[in-house]
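Peer 1: One-letter residues, chain by chain:
Number of protein chains: 2
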Amino acid sequence: MEIVRRVHNMKETARKAREKGRKIGFVPTMGYLHEGHLSLVRRVKEVSDLVVVSVFVNPAQFGPTEDFDRYPRDLTQDADLCVTEGVDYLFAPEGDEIYPRGSCTFVEVSDFSSMLEGVSRPGHFRGVSTVVLKLLEIVKPHVAAFGQKDAQQTIVIRRMVRDLMLDVEVLVLPIVRDKDGVALSSRNVNLTEEERRAARAIPTALREAEKRVADGERDPQAVIGTAREILETEAILRIDYVSLVDMETLLSVEEVAGEMLLAIAVRAGATRLIDNTILRV
Amino acid sequence: MEIVRRVHNMKETARKAREKGRKIGFVPTMGYLHEGHLSLVRRVKEVSDLVVVSVFVNPAQFGPTEDFDRYPRDLTQDADLCVTEGVDYLFAPEGDEIYPRGSCTFVEVSDFSSMLEGVSRPGHFRGVSTVVLKLLEIVKPHVAAFGQKDAQQTIVIRRMVRDLMLDVEVLVLPIVRDKDGVALSSRNVNLTEEERRAARAIPTALREAEKRVADGERDPQAVIGTAREILETEAILRIDYVSLVDMETLLSVEEVAGEMLLAIAVRAGATRLIDNTILRV
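These protein sequence lines are chains A and B, in that order. Reminder that position 132 of the first sequence reads as 132 in my numbering, one-by-one numbering, no gaps. Reminder that position 87 of the second sequence reads as 87 in my numbering, one-by-one numbering, no gaps.
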């Protein structure tokens, strides 16, 4: 496996691979890789001739009071995991490679940037769509994979790819959970033992809300209420939002119908956790 | 020459050309082609194996009170001119091909969008950068040419191409002028005879300002004043701006030095005209 640090080297590598007719698969990440990321790598490997994983903690998607500095990093461990998975290139650029001095171009997927996560994290999705577009232009993948955990991100990216007519197939793969049900996240490493124990309420809340819908509940507020009640049993968790939205529009549903996203964001101490499930009625 | 109306056909054509190793040259236009456009086509033809001209009057770059409806259109004439010039593909999509229902992704080159033309035309450059990115993704050119008449547009596009790491060479070619000195513009067809006569003051103002700089004037206000005085001799022209700005930053210069853009925008009746010259000291 080759570790690539410079944009121009990565572009050159991608260009040559494309010229040879090789299919490029891509997994963009912020590093500190876990089984969730690796499930993306494995899937992409099945459908590509060459796999690129990027590790870039993107400053543009963190707000000024957010955890950019605290975000966990371990490139050596990431590289070891990538070697084990048979990744061909680990693209790990420095910040000024992606945002050279004078950079001022931003991509915004306007209809999907200001709700849910966008309320708590203004500017977040502008940062996400901008960096993903840059990475797609550099790596030139035929297929790129993203995790369902960042549900809104996958919707923003799919929309961007469609709107900008990009030639890349977007795969979205299921959330990978730990044995206790908590969704894998690089941020989990920042949780105290007590916070981690409390975080189990998140998948429990999702499962119980799913059950209520399966049992015939059609009032969105009742479904949300079920999830909130379970989260509220853990005093250490502060709820940011529990939302039941249409999968297409991301707007709150007035009735439990169609394909919906039940999304949760909570804070456990200094760590913000998100999780979600797709409901179909 | 083939006229292509659909995005997916154009993408397929471009993909195949690239696979065959053919170099694609591209001239994006809003149609009603004149010698200015054709100078771009000829230059691109010299450096490409295959030339694509697009004709698309981009709604996103017109404000609600602007001349989208009045903008001149004549696809038959454009096609004839393209045939004469040996263009290979004329890409002329309908509006909903470029902006399908639900489109909501925009590209903004923030530092260069709100000054000069951006003051008079809020949202204009967001529309320009968004459509140019889409067209570049569809046509996948190796080289794309733009006219210096839209000076700020060329700066916005160069910046976008650099920031988003796009693999395209941007050519910017000189303004082509009519015998009376007026810069060629599709909008000139909307001028009355009287307005057209008055418009000659624009190139005269640029030339006289150039002379003052050549004669040693180093006060930007004096240079701008010279241009304004000449424009003001034509009562029919309403000055939108006369600006002397740094070519890199597009900020007003405090001293006549380095590489500068002297840019003029005026209204003659319902028609807005722009022109400019580059000054080097």
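A few of these clues could be false.
Claimed, not checked - List of simulated lysine-lysine pairs, DSS-like, C-alpha gap at most 27 Å:
#1 K140(A) x K140(B)
#2 K11(B) x K23(A)
#3 K140(A) x K11(B)
#4 K16(A) x K179(B)
#5 K20(B) x K11(A)
#6 K16(B) x K16(A)
#7 K16(A) x K23(B)
#8 K140(A) x K179(B)
#9 K20(A) x K140(B)
#10 K45(B) x K23(A)
#11 K23(B) x K20(A)
#12 K11(B) x K11(A)
#13 K20(B) x K20(A)
#14 K140(B) x K16(A)
#15 K16(B) x K140(A)
#16 K140(B) x K11(A)
#17 K140(A) x K20(B)
#18 K16(B) x K45(A)
#19 K45(B) x K23(B)
#20 K20(A) x K16(B)
#21 K20(B) x K23(A)
#22 K16(A) x K11(B)
#23 K23(A) x K16(B)
#24 K140(B) x K23(A)
#25 K11(A) x K211(B)
#26 K211(B) x K16(A)
#27 K16(B) x K11(A)
#28 K149(A) x K211(A)
Unchecked claim - Partner residues are not named here, just some residues of chain A that face chain B (Cβ under 7 Å, in silico):
#29 S103
#30 T105
#31 V107
#32 S110
#33 K134
None of these hints come from the bench; they were simulated from the model. Positions of the beta carbon are idealized from the N, C-alpha and C atoms, including for glycine.
Peer 1: What hint numbers does the structure not satisfy?
Peer 2: Numbers 4, 8, 10, 25 and 26 - these are the hints that the structure violates, sorted from lowest upward.
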